[in-house]
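Peer 1: What follows is each chain in one-letter form.
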Amino acid sequence: MTLAGGNGTADWTIASVTQALTAKKISARELTREFYDRIAQRNPELNAYLALCPERAYAQADRVDAMISSGAALPSLAGVPIAIKDVFTMRGVPTTCGSRILEGYRPPYDATAIARLETAGAILLGKTNCDEFAMGSSNENSAYGPVRNPVALDRVPGGSSGGSAAAVAAGLAVAALGTDTGGSVRQPGSFCGIPAMLPSYGRISRYGLIAFASSLDRVAPFARNVRDIAAVLDVMAGRDANDSTSAAAPPPKALAALEQPFRGVRIGIPAECFPKGMNAAVREKVEAGIAQLERLGCTRVPVRLPHSDHAIAAYYIIATAEASSNLARYDGVRYGLRVPGATLIEMYQKTRGRGFGDEVKRRIVLGTYVLSSGYYDAYYLKAQKVRTLIARDFANAFAEVDLIVTPTSPVPAFKLGERSDDPLSMYLADIYTVTGSLAGITGISVPCGATPDGLPIGMQIYASAFSEDRLLQAAHAFEQAHNAAQTN
Amino acid sequence: MKISREDVLKVAALAHLELAEGEVEMFRSQLDSILSYVAKLDELDTSKVEPMAQTLDSGAGLGTPLREDVMVPCNIIDEALAAAPDPAPPFFRVPKVIDR
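So the sequence lines, in the order shown, correspond to chains A and B. Residues 1 to 488 (our numbering) are what the first sequence spells out, left to right. Residues 489 to 588 (our numbering) are what the second sequence spells out, left to right.
So here's chain A without its partners, still in its complex pose (with noise of 0.2 angstroms):
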């Protein structure tokens, strides 16, 4: 079977699988087996994928393919081949979070976001691949082995995401979930050139997310265009009794807002997102990428981020603080590793020190101090006051703007292990990213252009929380034309 268009390799969206299989030119079955091909060729040399479910994703395509034979109305992912990021729960799929610690988990129920993607009709063909309790930037800290950038295969895919991002930008899976705590989705789509989104905090339930930081993880699409980020948040999204910090909030209708015009929007620059001596291509495409977007009719307005240069500081102290907590239960009593002590005390010890890798006991170890006696209110409290102040300059722009642009990441994808001897300057690259974050806002990466060498440059889009709408359907428009004006 060929593919729809194109290069043979990466072409399939949302839109082209529903056209081919309602129109019978392919079965859903057969599409997941063309993924799994794809798969079994690529993966060894990207290691995006950690585990693969074709049992359940064949039972899937079969349920799929019975409902185009009786010719029932299909739902919106009938049929779409999705990668799972490592740290959602999928009943009976292995789960390790990228540490050895979960090594051969298996747990025994589907995260909320899963479910509603199956009910949808999505195929759900794996787990990938990312940095160990998705607490890195590069995905090298996964127990499992560093992912590779399918752009440059000597470059990291970015992280925490990465395995997520890689498969997407290969053609391995037409979407894919991954998670964004402090850029985790944001980073790797700019790194592996595709769009990837931030929704608001509270937009998609949590539940069944393997926590790392419970008041900054959200769940977060990669998809190959714009639209197709719009159809998956579309499904997910929405209050789930499961997760009481899910939103009441009325979901957004972002596929439906897409057909909407787009005019008359105020796009805030803050200078301080430009700093003088920043990479020179980053600059020079997300110039480019606010003028595509000043000839779509947007107005540039400079605004100010003051608390910028705080965001990193607070981001991992808080971070770190509530991941001490929540990686607590790791302690070879229910589930994953267990390393057999003398004492209780002992075989916790034991169990943790080898099942942990270094980012994560790094992070483990912070986020206690911060959190120790004595120390509370000098870390602990004082970066929640400067969150405050964060989220209050986002509140003050966004009172003068509908949306505000930046870099996504102040380089393009580095070298493996150019950068994983020095944490403080890998943390120093989510500076553009964890400022949305711990606002708890709505943003998305998308592609604006290349470096010379073919690395991907991102533009990072940020909206007020729950505009979810506003935000793709400026990004649907810019990529639109960026597009357009690639191909003339």
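No lab work stands behind these hints: they were computed from the structure. Yeah, the Cβ is synthetic: ideal placement off N, Cα and C, and Gly gets one too. Hints may contain errors.
Listed next, the in silico BS3-like pairs over lysine-lysine satisfying Cα-Cα at most 25 angstroms (straight line) [unchecked claim]:
(1) K385(A) to K490(B)
(2) K276(A) to K528(B)
(3) K498(B) to K350(A)
(4) K584(B) to K498(B)
(5) K490(B) to K528(B)
(6) K528(B) to K385(A)
(7) K350(A) to K584(B)
(8) K385(A) to K536(B)
What the simulated footprint calls covered on chain B by chain A, stretch by stretch (three residues with Cβ under 8 angstroms from a Cβ of chain A suffice, anywhere in the stretch; the number is not a length) [said to hold, decoys possible]:
(9) 531 to 537
(10) 573 to 583
Got chain A sorted already, so can you dock chain B onto it with the hints?
Peer 2: Quick look at chain B alone, frame taken from chain A:
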């Protein structure tokens, strides 16, 4: 130097985390540089700022509602124990905690 070797060992004990000898010094120096960096928060006067624990605004109907306290069946013992390293149905077995 803000962080001593003893600080790292104390925190590791609080976190029930066994560290190898090499890790103690590695984490000590890395935490030292991270904590020196985050000290930049002291530049900001936050004496009149409320801390933010989460972003959801309870005023706009977006906050965290309470649910009714209703009992539902939750018969998951077999499934929960299936993933345990040392199950002793219906319990998880652990090394001896109490000496007597």
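Peer 1: Sort out which numbered hints this structure fails and list those numbers smallest first.
Peer 2: Hint check: nothing fails, all pass.
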